[in-house]
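Those sequence lines, one after another, are chains A and B. Letter 40 of the first sequence, counting from 1, is numbered 69 in the working numbering, and no numbers are missing. Letter 97 of the second sequence, counting from 1, is numbered 126 in the working numbering, and no numbers are missing.
Don't take every hint at face value.
[Said to hold, decoys possible] Distance windows between CB atoms, simulated: (1) A:Thr49 with B:Gln43: 25 to 35 Å; (2) A:Ser109 with B:Glu44: 41 to 51 Å; (3) A:Ser113 with B:Thr36: 19 to 29 Å; (4) A:Gln47 with B:Ala110: 41 to 51 Å; (5) B:Gln43 with A:Glu43: 41 to 51 Å; (6) A:Arg73 with B:Ser71: 33 to 43 Å.
[Unchecked claim] Taking lysine to aspartate or glutamate pairs in the DMTMM-like style, the calculated list, with each CA pair at most 25 Å apart, reads: (7) A:Lys86 with B:Asp58; (8) B:Lys32 with A:Glu108; (9) B:Lys32 with B:Glu46; (10) B:Lys32 with A:Glu88; (11) B:Lys99 with A:Glu128; (12) A:Lys86 with B:Glu73; (13) A:Lys86 with B:Glu125; (14) B:Lys32 with A:Asp85; (15) A:Lys86 with B:Asp84; (16) B:Lys32 with A:Glu43.
Just so you know, these hints were derived from the structure itself, not from any lab. Fair warning: this is a prediction, and the values are worked out from it, not measured in the lab. Using N, Cα and C, we set each Cβ at its ideal position, and we do this for glycine too.
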Amino acid sequence: DAGITQSPRYKITETGRQVTLMCHQTWSHSYMFWYRQDLGHGLRLIYYSAAADITDKGEVPDGYVVSRSKTENFPLTLESATRSQTSVYFCASKAPPREQFFGPGTRLTVL
Amino acid sequence: AQKITQTQPGMFVQEKEAVTLDCTYDTSDQSYGLFWYKQPSSGEMIFLIYQGSYDEQNATEGRYSLNFQKARKSANLVISASQLGDSAMYFCAMREDNYGQNFVFGPGTRLSVLP
Numbered sequence: 030d031a032g033i034t035q036s037p038r039y040k041i042t043e044t045g046r047q048v049t050l051m052c053h054q055t056w057s058h059s060y061m062f063w064y065r066q067d068l069g070h071g072l073r074l075i076y077y078s079a080a081a082d083i084t085d086k087g088e089v090p091d092g093y094v095v096s097r098s099k100t101e102n103f104p105l106t107l108e109s110a111t112r113s114q115t116s117v118y119f120c121a122s123k124a125p126p127r128e129q130f131f132g133p134g135t136r137l138t139v140l
Numbered sequence: 030a031q032k033i034t035q036t037q038p039g040m041f042v043q044e045k046e047a048v049t050l051d052c053t054y055d056t057s058d059q060s061y062g063l064f065w066y067k068q069p070s071s072g073e074m075i076f077l078i079y080q081g082s083y084d085e086q087n088a089t090e091g092r093y094s095l096n097f098q099k100a101r102k103s104a105n106l107v108i109s110a111s112q113l114g115d116s117a118m119y120f121c122a123m124r125e126d127n128y129g130q131n132f133v134f135g136p137g138t139r140l141s142v143l144p
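All chains, full assembly: derive it from the sequences and hints.
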């Protein structure tokens, strides 16, 4: 499918477990982003990547790890999930200088 | 300090009327971009309109227009002839070129269109 996809769409996990959220885009956009959306905070940037093997921290990176070995994939890993990481996670991609295109989101619940 | 301020947590508008959603921003960059996104209850983020800091004309996209007042650091979204399907959260966002390609989003405004 063309565009940007995220998997899983819904995930329930337990405190302390490792969780990986997947993001895949078919446009060959150089930039990719991970955001979390919480009530009252809008969208906050976790990490972004300018190209394969180039990543940088955003506003709220603690507790998260990213990698980008291929242009089209940008997985986000919660190494040891905490309840405060319960959120909706959005992946996005863009080709400069234009707008970002967002994936459908992953709703993560940490019990 | 917040870089994007949206002072209206919620707004109501009558169907077929126009509505303005406020957005002010804070940056010391000369080159930046301003964006508006719509998030309906289904959750996806939909791009609406873009304004570059050097664009002299206000951006328009169909029923959406951006009232860009650079000196006031204001980038209000105007929706003309509101429709019931316009009910959603609306986010203003800014890209500062000196900080790479990452965006900063405002807290959003929830618009409800009344029949």
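### Query
Given the hint that lysine 86 (chain A) pairs with glutamate 125 (chain B), does the C-alpha gap stay at or below 25 Å?
Holds, at about 16 Å.
### Task
Look at the Cβ atoms of glutamine 47 (chain A) and alanine 110 (chain B) and judge whether their distance stays inside 41 to 51 Å.
49 Å, holds
### Query
Does aspartate 85 (chain A) lie within 25 Å of lysine 32 (chain B) when you go C-alpha to C-alpha?
Answer holds: lysine 32 (chain B) to aspartate 85 (chain A) is near 20 Å, not above 25 Å.
#### Entry: Hint consistency between lysine 32 (chain B) and glutamate 88 (chain A) [alpha-carbon to alpha-carbon, up to 25 Å]
12 Å, holds
### Message
With the threshold set at 25 Å, check whether the alpha-carbon distance from lysine 86 (chain A) to aspartate 84 (chain B) stays at or below it.
### Response
30 Å, violated
### Query
Given the hint that lysine 32 (chain B) pairs with glutamate 108 (chain A), does the C-alpha gap stay at or below 25 Å?
Roughly 30 Å between the alpha carbons, so the hint for lysine 32 (chain B) and glutamate 108 (chain A) is violated.
#### Entry: Given pair status - glutamate 73 (chain B), lysine 86 (chain A), alpha carbons within 25 Å
Roughly 24 Å separates the two Cα atoms, so the pair holds.
### Task
Compare the distance between the alpha carbons of lysine 32 (chain B) and glutamate 46 (chain B) with 25 Å, and conclude whether the hinted pair is satisfied.
Roughly 30 Å separates the two Cα atoms, so the pair is violated.
### Query
Are arginine 73 (chain A) and serine 71 (chain B) spaced within 33 to 43 Å by their CB atoms?
Hint violated: Cβ distance 21 Å, outside 33 to 43 Å.
### Query
Can the restraint linking lysine 86 (chain A) and aspartate 58 (chain B) be considered satisfied, given a maximum Cα separation of 25 Å?
It holds: about 20 Å lies between the C-alpha atoms, which stays within 25 Å.
### Message
Please verify whether lysine 99 (chain B) and glutamate 128 (chain A) have alpha carbons no more than 25 Å apart.
### Response
Status holds; Cα separation ~20 Å.
### Query
Between threonine 49 (chain A) and glutamine 43 (chain B), is the Cβ distance one that fits in 25 to 35 Å?
46 Å, violated
Hint violations for this structure: numbers 1, 6, 8, 9, 15 and 16, all remaining hints satisfied.
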